[in-house]
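S.K.: Going down the list, the protein sequences come from chains A and B.
Residues are numbered in my numbering as their position in the first sequence, beginning at 1, plus a constant of 9.
Residues are numbered in my numbering as their position in the second sequence, beginning at 1, plus a constant of 9.
Honestly, the hints are just simulated from the structure, not real lab data.
Do not rely on the hints blindly, as some may be mistaken.
Copies of one chain are not kept apart here, so a pair can be met inside one copy or by any two copies together.
Straight-line Cα separation of at most 20 Å, DMTMM-like style, residue types lysine to aspartate or glutamate; simulated pairs [what the hints assert, rightly or not]:
1) 423 with 357
2) 363 with 381
3) 363 with 428
4) 40 with 296
5) 330 with 281
2 protein chains.
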Amino acid sequence: MNIILLSGGSGKRLWPLSNDIRSKQFIKIFKTPDGQYESMVQRVYRQILAVDPEATVTIATGKSQISALHNQLGEQIDISVEPCRRDTFPAIALAAAYLHDVKGVPEEEAAVICPVDPYVNEDYFEALQELWTLAQQGTTNLTLMGIDPTYPSEKYGYILPVDHKRRSKVSGFKEKPDAATAQQYIEDGGLWNGGVFACRLCYVLDRARDLLAYTDYTDLYDRYDTLPKISFDYAVVEHEPDIEVLRFGGQWKDIGTWNTLSEAMEEALVGDVRLDGTCANVHAINELGVPILAMGLRNAVITASPEGILVTDKAQSSYIKPYVDAINQQVMFAEKSWGSYLVLDVEDSSMTVKVTLNPGHRMNYHSHDHRDEVWTVISGTGRTIVDGMEQPVRAGDVITMAAGCRHTVIAETKLQMIEVQLGRDISAADKHKYELDE
Amino acid sequence: MNIILLSGGSGKRLWPLSNDIRSKQFIKIFKTPDGQYESMVQRVYRQILAVDPEATVTIATGKSQISALHNQLGEQIDISVEPCRRDTFPAIALAAAYLHDVKGVPEEEAAVICPVDPYVNEDYFEALQELWTLAQQGTTNLTLMGIDPTYPSEKYGYILPVDHKRRSKVSGFKEKPDAATAQQYIEDGGLWNGGVFACRLCYVLDRARDLLAYTDYTDLYDRYDTLPKISFDYAVVEHEPDIEVLRFGGQWKDIGTWNTLSEAMEEALVGDVRLDGTCANVHAINELGVPILAMGLRNAVITASPEGILVTDKAQSSYIKPYVDAINQQVMFAEKSWGSYLVLDVEDSSMTVKVTLNPGHRMNYHSHDHRDEVWTVISGTGRTIVDGMEQPVRAGDVITMAAGCRHTVIAETKLQMIEVQLGRDISAADKHKYELDE
Numbered sequence: 010m011n012i013i014l015l016s017g018g019s020g021k022r023l024w025p026l027s028n029d030i031r032s033k034q035f036i037k038i039f040k041t042p043d044g045q046y047e048s049m050v051q052r053v054y055r056q057i058l059a060v061d062p063e064a065t066v067t068i069a070t071g072k073s074q075i076s077a078l079h080n081q082l083g084e085q086i087d088i089s090v091e092p093c094r095r096d097t098f099p100a101i102a103l104a105a106a107y108l109h110d111v112k113g114v115p116e117e118e119a120a121v122i123c124p125v126d127p128y129v130n131e132d133y134f135e136a137l138q139e140l141w142t143l144a145q146q147g148t149t150n151l152t153l154m155g156i157d158p159t160y161p162s163e164k165y166g167y168i169l170p171v172d173h174k175r176r177s178k179v180s181g182f183k184e185k186p187d188a189a190t191a192q193q194y195i196e197d198g199g200l201w202n203g204g205v206f207a208c209r210l211c212y213v214l215d216r217a218r219d220l221l222a223y224t225d226y227t228d229l230y231d232r233y234d235t236l237p238k239i240s241f242d243y244a245v246v247e248h249e250p251d252i253e254v255l256r257f258g259g260q261w262k263d264i265g266t267w268n269t270l271s272e273a274m275e276e277a278l279v280g281d282v283r284l285d286g287t288c289a290n291v292h293a294i295n296e297l298g299v300p301i302l303a304m305g306l307r308n309a310v311i312t313a314s315p316e317g318i319l320v321t322d323k324a325q326s327s328y329i330k331p332y333v334d335a336i337n338q339q340v341m342f343a344e345k346s347w348g349s350y351l352v353l354d355v356e357d358s359s360m361t362v363k364v365t366l367n368p369g370h371r372m373n374y375h376s377h378d379h380r381d382e383v384w385t386v387i388s389g390t391g392r393t394i395v396d397g398m399e400q401p402v403r404a405g406d407v408i409t410m411a412a413g414c415r416h417t418v419i420a421e422t423k424l425q426m427i428e429v430q431l432g433r434d435i436s437a438a439d440k441h442k443y444e445l446d447e
Numbered sequence: 010m011n012i013i014l015l016s017g018g019s020g021k022r023l024w025p026l027s028n029d030i031r032s033k034q035f036i037k038i039f040k041t042p043d044g045q046y047e048s049m050v051q052r053v054y055r056q057i058l059a060v061d062p063e064a065t066v067t068i069a070t071g072k073s074q075i076s077a078l079h080n081q082l083g084e085q086i087d088i089s090v091e092p093c094r095r096d097t098f099p100a101i102a103l104a105a106a107y108l109h110d111v112k113g114v115p116e117e118e119a120a121v122i123c124p125v126d127p128y129v130n131e132d133y134f135e136a137l138q139e140l141w142t143l144a145q146q147g148t149t150n151l152t153l154m155g156i157d158p159t160y161p162s163e164k165y166g167y168i169l170p171v172d173h174k175r176r177s178k179v180s181g182f183k184e185k186p187d188a189a190t191a192q193q194y195i196e197d198g199g200l201w202n203g204g205v206f207a208c209r210l211c212y213v214l215d216r217a218r219d220l221l222a223y224t225d226y227t228d229l230y231d232r233y234d235t236l237p238k239i240s241f242d243y244a245v246v247e248h249e250p251d252i253e254v255l256r257f258g259g260q261w262k263d264i265g266t267w268n269t270l271s272e273a274m275e276e277a278l279v280g281d282v283r284l285d286g287t288c289a290n291v292h293a294i295n296e297l298g299v300p301i302l303a304m305g306l307r308n309a310v311i312t313a314s315p316e317g318i319l320v321t322d323k324a325q326s327s328y329i330k331p332y333v334d335a336i337n338q339q340v341m342f343a344e345k346s347w348g349s350y351l352v353l354d355v356e357d358s359s360m361t362v363k364v365t366l367n368p369g370h371r372m373n374y375h376s377h378d379h380r381d382e383v384w385t386v387i388s389g390t391g392r393t394i395v396d397g398m399e400q401p402v403r404a405g406d407v408i409t410m411a412a413g414c415r416h417t418v419i420a421e422t423k424l425q426m427i428e429v430q431l432g433r434d435i436s437a438a439d440k441h442k443y444e445l446d447e
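Only chain A is shown next, with the shape it has when bound in the complex (with noise of 0.2 Å):
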């Protein structure tokens, strides 16, 4: 099947381990059956191909998150990049034009488009699978997955089915009713909308020619900037009369909040953490280096990363957004194209970095303006590059860049090294970057 992946934005709602550069769906919290910890992107990637090993993977994302994908999925992951973010009618336009524009797909081919971040078991994508040959056969112009409801949840979207097969017409869409209402809809056979449907590539891209004026992927991508701003559902669903709704009664979880995430975790505890007997209920998270002891808490999580720490009664986390609003904090650690980078320290006229190359990966080659820079390597093997004179490093050589100067280095094998950056006006802007002819 081909299969779009929308991977959403940044969130704040499972901060300190999600912030504006670090998006909730690259937290490696979960457990692989062969015992790692994968993320929500890296759990529904395998699962859909231990499902389907043919399957056409595309993730519909901006441009922050490439260095992401690449590290947690490998290079060679299909990405539609949306050169800004827009609504998901355009993003969604984009890679169906990018399918069949860029990857050769026929407009005939159906599509499966999925969020990014449910956590859901194999049978979910069986289930989307049974949705796609259903697309591609072309009985109806949309069909929709509709999650048999657990209880009458005020936070989604409700598909009301004109009966109650498993597959049924459908007769209208509500939005996040009150309880009273959502347990009528219920009682009536509504299902919740989980944002997932299939469809004919030309579906969505006649949509596009009508509503976008589509007429290429490259057309559409320069384009993009001026696209409006409208949702899948706005744009199309609403309008469009003829869809079917597959009932799906597997598990499904919306991880938005670190109690609902908390419930998906299958170990308690990951890191260093130590619970006292009395503690009940309590989840926990540790990034850090050193230990988190909790005594007497319960039904708590707590979460420790590089840019904060959390202790959150479970109810209560919810509410946590304009708590994490308010702070003003620098991003700490990021993953990059090459690799990632951790804030160790920060003084006034100084910061210190540690810098971790992927094997066979580079920076730019780029100079700043306003500071100078110290390397330490600290282990492996590779090349710096700085003001065109190349010299091979490893473990223990130290490289010192005046302001001004154009510096890169580019790891052999992994490759991590100490950068002290010593100035007055410290900041990710300063920065200019060159060409390398190598």
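Assemble chain B onto chain A, guided by the hints.
M.R.: Showing chain B alone in chain A's frame:
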């Protein structure tokens, strides 16, 4: 007055702020009258001098506390250094010998002996002054302070006076009774034993002559590791028939657990800590450079330091010790005679440390067998000496030192540098010290 402050050993009950090398009395969490933070030892020292500007203060402690005492109280502070840890009787005998033989205080003068870590107000030190005056008059061999009990505690020793007067002869001592017995003691006029007493120096020195064959300070110091481990209470107080007790009814708090410590904090939050509106009775101390956010917590203490993170129910906090004993974390922060160091990063073959030297101070001239080091100065000015060669250094300078190379740095202003240690077996024990001929 002469006052000997007994500064006890390391404590784990206030982990992660106290540990094997950082004692609770050095944690800066109390507010001075002018709004700065001060430690217990700074608070007690300030209070003594406020009550008696002429007080002669001597601190009896082990070698490991000298740097912290100098950093917190100044270089002028008198310290009676115990070459190793024995119990309170040898420590008090050594301090009395130090006052008499080294500082020239006459044997007939009295001294007050007092733990360094009670959380009290100035009226406590006014009571100590009264105790000292009584001891100076010499009508009784030993004068104790008895603290008016506020509840029938099972964890303190009780002094039983012969009557209920403010000053009374003592009829006996009882250790840690059960609550019912404690209640009976209180009804009979019993008082908590806060470990405070006053006597003439000759009284202590006579006991030391009898029990430790004391001849002079140097002899006692040299033989210190052979002295018996015996408490002053056991060796002296329990055998002394002529004891008077002075009642003290002011504030006295024994700050031994996070629960009791939090009661003494003038401000509930120290450092970057944010609480949501549903938190109640939460105290938090954050020594890290990133924020702590707490939501929906009640009756809890949160503490984050370079050594680790504690989240505990207040009542539960008194059971912390076995959990901290089980933590085998290397020391991440330490005060040194010349300043401090903070471990920033630990990898298999490297360790990165931020070194801060106080103005006018220097490290030992030293070398390592098994590691190379790179210093990058990030602020301040000073001089380095590397294999005998001296050069001035300032922010941005880089010094590389191969294993075996002798090196030191002398701070002119406050000087900070990032030290990258490189080698397979990095250990604090890998150090040779040398005399420096300047």
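S.K.: State for each hint whether it applies.
M.R.: Structure-based check of all given hints:
1. 423 with 357: For residue 423 and residue 357, the Cα distance is within 20 Å only across copies (14 Å; inside one copy 31 Å).
2. 363 with 381: both (16 Å within a copy, 18 Å between copies)
3. 363 with 428: both (6 Å within a copy, 13 Å between copies)
4. 40 with 296: This pair counts as within: shortest intra-copy Cα distance 16 Å, inter-copy 32 Å.
5. 330 with 281: between (27 Å within a copy, 18 Å between copies)
Hint violations for this structure: none, all hints satisfied.
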